[in-house]
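K.L.:
The primary structure of each chain is shown beneath.
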Amino acid sequence: QKEVEQNSGPLSVPEGAIASLNCTYSDRVSQSFFWYRQYSGKSPELIMSIYSNGDKEDGRFTAQLNKASQYVSLLIRDSQPSDSATYLCAANNFNKFYFGSGTKLNVKP
Amino acid sequence: NAGVTQTPKFQVLKTGQSMTLQCAQDMNHNSMYWYRQDPGMGLRLIYYSASEGTTDKGEVPNGYNVSRLNKREFSLRLESAAPSQTSVYFCASTDRAGLADTQYFGPGTRLTVL
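As you go down the protein sequences, you meet chains A and B in turn.
Sequential numbering of the first sequence, starting at 1, is according to the numbering used here.
Sequential numbering of the second sequence, starting at 1, is according to the numbering used here.
There may be inaccurate statements among the hints.
What the hints assert, rightly or not - Quick partial rundown of chain B residues pointing at chain A, CB under 8 Å, derived from the structure:
1. Tyr64
2. Thr102
3. Gly106
As the list claims (entries may be wrong) - Label-pair restraints from in silico Cβ distances:
4. Asn65(B) / Glu57(A): 41 to 49 Å
5. Asp27(A) / Leu69(B): 30 to 38 Å
6. Gly59(A) / Gly3(B): 39 to 47 Å
7. Met41(B) / Asn22(A): 14 to 22 Å
8. Gly3(B) / Lys56(A): 44 to 52 Å
9. Pro109(A) / Glu52(B): 45 to 53 Å
10. Glu57(A) / Pro107(B): 23 to 31 Å
11. Glu45(A) / Arg110(B): 15 to 23 Å
12. Glu45(A) / Met41(B): 38 to 46 Å
13. Val88(B) / Pro81(A): 35 to 43 Å
14. Asn106(A) / Asp38(B): 18 to 26 Å
Because the hints were derived from the structure by calculation, they are not lab data.
Just so you know, even glycine gets a beta-carbon here, dropped at the ideal spot from N, CA and C.
Generate the whole structure from the sequences, applying the supplied hints.
P.N.:
And the structure:
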């Protein structure tokens, strides 16, 4: 099992809808969890980080962490066409970071 | 404040050639990382340096060497390039690899090995 796993998508949602992105992780990573957004041809940029069980909200974004189920999710409310990108889930274990393969999100106008 | 810079942006090599990818950060970060990104594979850690003077292998270190020249600079060397090393290479830095630390990424180097 890979340390971090994601569905590659694509996930298509209409503009204004809620996009839900999911990620599972293995026992080998357990410290902190991150969601990055990556536009085509660009480098990843951090959206959210979370390390405690529960929800963390920042504007239209909510990260959810469930350590018992080893599950991390990202909700994007009021999705916009500019949210169309690949979303990378990541986790770290001390100095090492592990990334999922990414989920491509398409927001249709 | 340029953040993380990488040179070159693009490079084409022939099989067996060598080259060094350069990375520098001006944020006074302790930890630096080299990743490669292949289509559908996400980012895979090649090598990292937790602090100046230390380097450690990541998931895919074979065929690569690194040097942490000083706190600012972390270079990646391909001694004998192979087509399997065709990829996009990202350098990143973080202040400390602890709880909820942010990794800042450079713009990437697109390498093609023929």
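K.L.:
Hint by hint, note whether the structure agrees.
P.N.:
For each hint, the structure was consulted:
no., hint, result
1, Tyr64, "16 Å, violated"
2, Thr102, "5 Å, holds"
3, Gly106, "6 Å, holds"
4, Asn65(B) / Glu57(A): 41 to 49 Å, "43 Å, holds"
5, Asp27(A) / Leu69(B): 30 to 38 Å, "36 Å, holds"
6, Gly59(A) / Gly3(B): 39 to 47 Å, "22 Å, violated"
7, Met41(B) / Asn22(A): 14 to 22 Å, "19 Å, holds"
8, Gly3(B) / Lys56(A): 44 to 52 Å, "25 Å, violated"
9, Pro109(A) / Glu52(B): 45 to 53 Å, "49 Å, holds"
10, Glu57(A) / Pro107(B): 23 to 31 Å, "30 Å, holds"
11, Glu45(A) / Arg110(B): 15 to 23 Å, "18 Å, holds"
12, Glu45(A) / Met41(B): 38 to 46 Å, "19 Å, violated"
13, Val88(B) / Pro81(A): 35 to 43 Å, "25 Å, violated"
14, Asn106(A) / Asp38(B): 18 to 26 Å, "22 Å, holds"
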